[in-house]
Structure formats: structure tokens, C-alpha cells
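Participant: Given the sequences, and given the hints that come with them, work out the whole structure.
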Amino acid sequence: AQKVTQAQTEISVVEKEDVTLDCVYETRDTTYYLFWYKQPPSGELVFLIRRNSFDEQNEISGRYSWNFQKSTSSFNFTITASQVVDSAVYFCALSEPWNSGNTPLVFGKGTRLSVIA
Amino acid sequence: GAGVSQSPSNKVTEKGKDVELRCDPISGHTALYWYRQSLGQGLEFLIYFQGNSAPDKSGLPSDRFSAERTGGSVSTLTIQRTQQEDSAVYLCASSLAQGLGTGELFFGEGSRLTVL
Numbered sequence: 002a003q004k005v006t007q008a009q010t011e012i013s014v015v016e017k018e019d020v021t022l023d024c025v026y027e028t029r030d031t032t033y034y035l036f037w038y039k040q041p042p043s044g045e046l047v048f049l050i051r052r053n054s055f056d057e058q059n060e061i062s063g064r065y066s067w068n069f070q071k072s073t074s075s076f077n078f079t080i081t082a083s084q085v086v087d088s089a090v091y092f093c094a095l096s097e098p099w100n101s102g103n104t105p106l107v108f109g110k111g112t113r114l115s116v117i118a
Numbered sequence: 043g044a045g046v047s048q049s050p051s052n053k054v055t056e057k058g059k060d061v062e063l064r065c066d067p068i069s070g071h072t073a074l075y076w077y078r079q080s081l082g083q084g085l086e087f088l089i090y091f092q093g094n095s096a097p098d099k100s101g102l103p104s105d106r107f108s109a110e111r112t113g114g115s116v117s118t119l120t121i122q123r124t125q126q127e128d129s130a131v132y133l134c135a136s137s138l139a140q141g142l143g144t145g146e147l148f149f150g151e152g153s154r155l156t157v158l
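Chains as they are written, first to last, in this note's numbering: chain U, 2 to 118; chain B, 43 to 158.
Simulated from the structure, these hints should not be mistaken for laboratory data. If a hint is listed, it holds; no wrong ones were tucked in.
Some, not all, of what chain B presents toward chain U, calculated at C-beta under 8 Å:
id : residue
1  : Q83
2  : G84
3  : L85
4  : Y90
5  : L147
6  : F149
7  : G152
Glycine included, C-beta positions come from ideal geometry on N, C-alpha and C.
Facilitator: Dropping the structure here:
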């Protein structure tokens, strides 16, 4: 069964600090997809990244970086030099391939990040 | 519009009444998803459509919940005899079918349901 665990419920940091959001997943499949979404106070979820299980290369996009480690079933997300605009709830999600081609994402419970000026 | 559109944005109803929530996906997106987000909880999967068919209804919490999609476009989520525990934000998302695996989901702003 699929499961995503985000152990950190809430994190507070001071602006310009680096912060890492943890995500641990469970799956029986060897092929799967991992995602991060951001939900700002406005409420609409915004896609950040999708990573397939065959690509363990870490990815960097501006101040955002992702560390995918299959050995520990983790897909952690780091924000460097955090800004107030980064304040949001961040969700990690997992999807497995399916005959019909699309599968629903299983989401973690989210981590609420507050960046204080 | 360019994004996923949901209506109503807010709905307050009395316990026992039926409600309908509507989702208009991005044009051309064949996959459509309904999720529920309760206070302090993550996103709970409800149902998924590929075209007009629903291969996965496993997340519907009870037989009071049903959903349909017509013309491969608009979807309606219906909750009959609403209960207070149904109060939540109901989120709709759509995506392009991309063969195996799930592409990026585009979410609407949600319909906030409050059952008094």
C-alpha cells in the first residue's frame, strides 16, 4: 500500500535561514513518482516538482532543491535563504503506475512552514 | 478560463440536506480527481475519472457520496443527507493522460463546505 509521511507538522524559521522539509514514502512498486506541492494561504495547490523512481539525481531550481534517496525512501525538500513568501503548507505525494495510465496521488498530511521576517 | 474552476466557492448547508459541487477542468485534460481536505488533515482522495468513467471510487467515504462526469469535461460531486463531518474543502484537479504514471495535477481553488 502507498503511504506518505511528513513527520514535521509545523516549522518556523527566520527569514534567510535554510529549511528542510522531510518526506518518507512507502510503496511496493519499483516504478513510482514523487511530487511536491505548495499550498499558499490563498488555498490553491501549486505543483513544484515531479520525480520518477529511476532518477535519483538531486535537483535544484533556484532556492529550491530536492534530495531523493531510494535507500531511505525519502524525498526531502530544502529551501535555501527562505523568504516570507515561502510561508505555506507543503505537501509531498506519491503515485504508482496503473493500467489506465493515470493514478491518483497519495498525499502526506503536509508541513506548515512559517517564515518570519 | 485557463485553470480548473470550481463552484460554489463556499457552501453552508443544514445537516440532512443534499449538496452538489461542480468542477470544470482545464480544456483537453482527460483525467479528473476529487480530493477532500479537512482542517489539520492532508488531502484525502475521493474519486478519479478517466474520460467519463471512474476506474477508482475507492476513496468515497460512504454511499452518500457520488460523482459523475459527462462529456469528458464537467464533473459533479454530490453529497446526500449531509453530516457535520462532511465539512471540509473539496478540491478538484485535472491532468493530461500521460501513459503510465501521473502527470502534473492542476488544482482548483476548492469548494468550502460547512454543514451546520
